[in-house]
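As a plain string of letters, each chain reads:
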Amino acid sequence: MVIDMNAKGTVFKYGDNVDTDVIIPARYLNSSDPAELAAHCMEDIDGNFIKQVKKGDIIVAEKNFGCGSSREHAPIAIKAAGVSCVIAETFARIFYRNAINIGLPIIECPEASRGIENGDEVEVNFDTGVITDVTKGTSFQGQAFPEFMQKIIASEGLINYINSK
Amino acid sequence: MTQKILAAAAGLEKVEAGQLIEAKLDLVLGNDITSPVAIKEMDKFTVKGVFDKDKIALVPDHFVPNKDIKSAEHCRCVREFAKKNEITNYFEVGEMGIEHALLPEKGLTVAGDVIIGADSHTCTYGALGAFSTGVGSTDMAAGMATGKAWFKVPAALKFRLTGKPAKWVSGKDVILHIIGMIGVDGALYKSMEFVGDGIANLSMDDRFTIANMAIEAGGKNGIFPVDEKARQYMAEHSSRSYKVFEADPDAVYDGEYTVDLSTLRPTVAFPHLPENTHTLDEIKAMDPIAVDQVVIGSCTNGRLEDLRTAAEVLKGRHVAKGMRCIVIPATQAIYLQAMEEGLLKTFIEAGAVVSTPTCGPCLGGYMGILAEGERCVSTTNRNFVGRMGHVTSEIYLASPAVAAASAVTGRISGPEDL
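Keeping their order, the protein sequence lines are chains A and B. Residue numbering for the first sequence follows the working numbering, starting at 6 and increasing by one per position. Residue numbering for the second sequence follows the working numbering, starting at 52 and increasing by one per position.
Fair warning: there could be bad hints in the mix.
Unchecked claim - Which chain A residues face chain B? A few, computed with CB under 8 angstroms, are given here:
| # | residue |
| --- | --- |
| 1 | Leu34 |
| 2 | Asn53 |
| 3 | Arg76 |
| 4 | Glu122 |
Source of the hints: derived by calculation from the structure; they are not laboratory data. Every residue, glycine too, gets a C-beta built ideally from N, C-alpha and C.
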């Protein structure tokens, strides 16, 4: 079964080692409400993010995105802010698991991470793993999502997926 | 060593790096920040209840005693879940401690265990020869419900430790040195396996500190061989039987490093990454770095030995004028022992404050938040932007000895400078 899923949006570009403390500072972790968390997403490195982000937009970063704490609040905040996909050269491992488990699509692709700039319009095809920079007219081959990961994402997370099995 | 533990937990004879496996869990851990999210996820399961009420540990420690109304509600959510599911190892205020200091002390983590915890510093228990790793709340929920977790078997990096560390050089200096050497993603997705005759010269508290910060190099886990000191620790703290795994002589490693402990110097990680390390000797050649606050505590360095070291430095001295020095024993047992040994008296006489066990300031929760532009020398584990307070504040990570000495002088210093 192939699920028809794609992402399309404007890029917010960041560098190496974007940690979970800047994605969602711990001072807001007394809440676990996605909308409340989203309101402070990326606040400590990019105060404009939450003012400008639109549904479907894409985050592109460099090495070790999501390093630090295991707080699932980080991918929850990003997803609730409307982000449709995160592309990075590499992800920290707990963040990687958490993102898949809550159904936030993420792709490792060093070439896309280097080639895409802030503000570019980008499309991602989850079946093929192809990332297209519409602004620049370039495309990159990222890792395609295995079927089980696509199903987890389509089910909006691991628990629903386990229930559906 | 990690691969052998995972193979046994998955019921397989052998596993290889990259293989996806499903392993049985010996313990599933959560705290007051991550558990409420997991408990909400548990409600979605069609099958209700937990897999084993004795193999789940719930430790409210981050914002506890409750720092505000929302935290109080989170803690109540955890408390009610623990009550409803008759969780044996729920630790209320009064018996709680910082989770990664508390669980080994309570004997809940032993060699050969497979442990997941919804807290990134769950890797601490590798000091006892267990496989333990941090996960998120959804994995915690699935673990509590099913008693299993899927893992991608990690490749391993070997760190051969030789020699004996000098006076004032501790486990914190060893791990900061290693992170400085390999970087914050130097062990990404990998297991950090410590070997070598230098390990015999490291106390259990040193080893807990080292394994604790494996995550700061991106590691999936950090693990030590089980020697006489580890056996003695487990005999003193646990009634559980344990299983010792040893690496094969022909085990495959992705990389090998040797660290001669006798050559290490007290090491400090500058803002805003744990890899930005400098030795005290390098720091002495720089302009003095003035400090507003010192924190001695956390799952990294709030154990008894850490407090003894800090007290040794502070004994008969006083913290600098205008300096706030905050000491946080990691568990009630450590607190009590520190009191009986007179360490708390030393801290208070030196002008430091002593807090109830809490993660508090380490993650910018409460109990020592930094104002705009303020600087802190801290024995905690992360110095990310805004971690302890204002986005322009700065954290320098160091050992208890350096932190205590810096509290006395008001600038980053070592005990030898006093």
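Results of checking the hints against the structure:
1. Interface restraint check: A:Leu34 against chain B, minimum CB-CB distance 5 angstroms, threshold 8 angstroms, status holds.
2. For A:Asn53, the interface hint is violated, the least distance from its beta-carbon to any beta-carbon of chain B being 14 angstroms, above 8 angstroms.
3. Satisfaction of the interface hint for A:Arg76 is found here, the shortest Cβ-Cβ separation to chain B being roughly 7 angstroms, below the 8 angstroms cut-off.
4. For A:Glu122, the interface hint is violated, the least distance from its beta-carbon to any beta-carbon of chain B being 23 angstroms, above 8 angstroms.
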